[in-house]
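Please work from the sequences and hints to get the whole structure.
Next come the chains, spelled out residue by residue.
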Amino acid sequence: MVDRRTDPADVDLGALFAAHQRHVLAYAARRTTHLSDAEDAAAETWVIAWRKRDVIPTDPLPWLYGVARRVLANQRRGTLRRFRLALRLAQPEPQVERFGDAEGPAMQALARLRPADQELLRLVAWEGLSQADIAAVLGISINAVAIRLHRARLRFEAEFVAAAGHGVKGPAAWRTSGSVKGDFTENVQEEPR
Amino acid sequence: MSEPIGRDPFDELRRADPAHPDRLPSASLARVRARVQEATIMQEGRRPAPRRGLAIGAGIVTLAVVALVGVVALRAPASVGQPAASVDAGGGGALASCVEQYSLERLKDRDFAFDGTVKAIDGNEVTFTVNEAFSGSRAPEVTLTAEGMTGTTITSAGGPTLAVGERYLVAGDERFVWPCGFTQEYDPGVAAEWATTLGG
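For the protein sequence lines, the chains are W and E, in the order given.
Counting along the first sequence from 1, when you hit position 84 you're at 84 in the numbering used here, and nothing is skipped either side.
Counting along the second sequence from 1, when you hit position 105 you're at 105 in the numbering used here, and nothing is skipped either side.
No lab work stands behind these hints, which were simulated from the structure alone.
Quick reminder that beta carbons are idealized off the backbone N, C-alpha and C, glycines included.
It cannot be assumed that every hint is accurate.
[As the list claims (entries may be wrong)] With a Cα cut of at most 20 Å, we get these calculated SDA-like pairs of lysine to any residue:
hint : chain 1 : residue 1 : chain 2 : residue 2
1    : E       : Lys108    : W       : Phe17
2    : E       : Lys108    : W       : Lys52
3    : E       : Lys108    : W       : Ala15
4    : E       : Lys108    : W       : Ala19
5    : W       : Lys52     : E       : Gln101
6    : E       : Lys108    : W       : Ala18
[Unchecked claim] If you want a taste of the chain W side facing chain E, the calculated C-beta under 7 Å gives, among others:
hint : residue
7    : His23
8    : Glu39
9    : Pro57
10   : Glu103
11   : Ala111
12   : Leu154
Shown next, in the form of structure tokens:
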């Protein structure tokens, strides 16, 4: 269970905002293609945090990511997106500035996965969350995270090999390399291959 | 042709991060902050919302409370936007709801601060003649975005409502003027404190 604050007055939202505004906006920007959508989602996340400041846990970032995740889901489904789409057709909006290799095999492989797998891998690779934190974001058990992450990793590896083509060793080579950051293998029994 | 060393897919996924927090556009951060300030001020005095479906977006939230804003603005005491040097200004209610409370210490974190007179207002865009710059640009004239402070769209209860010909102490980030005490009607005593604090 998360450690809830006992006194809403203890929440210095300004300090939280200063500490985590970049993380929340980055979370949204990684999952949208238009800067305005990312800014909308980030702003809405903080407004919700302000309204629910009495339940913000002492480790707020996974909670904020969870809120942002639901905001983005609503945004994708909502009429606002359709309205903005109509505006974009008339007036191009700036896309999210992309860093890193957007066209490389890693992104190609990620794009071929199911949305749930994509989100698990993004939370580990880009948000750098532990399995416990991922469980808090997604509202599932740590054990479920471990199992799903393991399967997502296997699917990602297979897609990566297909996308990268030559120059890539088989999955076993990097699984034992020790270079993986984050809890990819925590609490997971390796399946015999 | 095969490379002698295998590629680690997860390392490559990490390097493909499309939006690293340290490399986000500062203008985006400023816009998010401005929207949050505006929305939280609008909702000041309302009880925290019960658990329910999320609002669609900050824009919709802002628009949805336009009717409330006028009442809030009318009720806001005249002293709102004219805080003393202490953290909690006499205005109290509206300022207490700001995401970031005004203080001389937090004034130091702002990109710019100046003593200026409003020369022109066009929608949310306000042109100031800079009488004295305390921090940031030393340009004699500057045009900034002052959402909710021009009386032409949504009025921010964090105020003030800027008027042509009037003199203000103005602070903010990027090209956004901040409410919540960071922008206030000119007062020579407060101006002296800004000058001392910012070393301008």
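key: Numbers of unmet hints, in rising order   = 2, 9, 10, 11, 12
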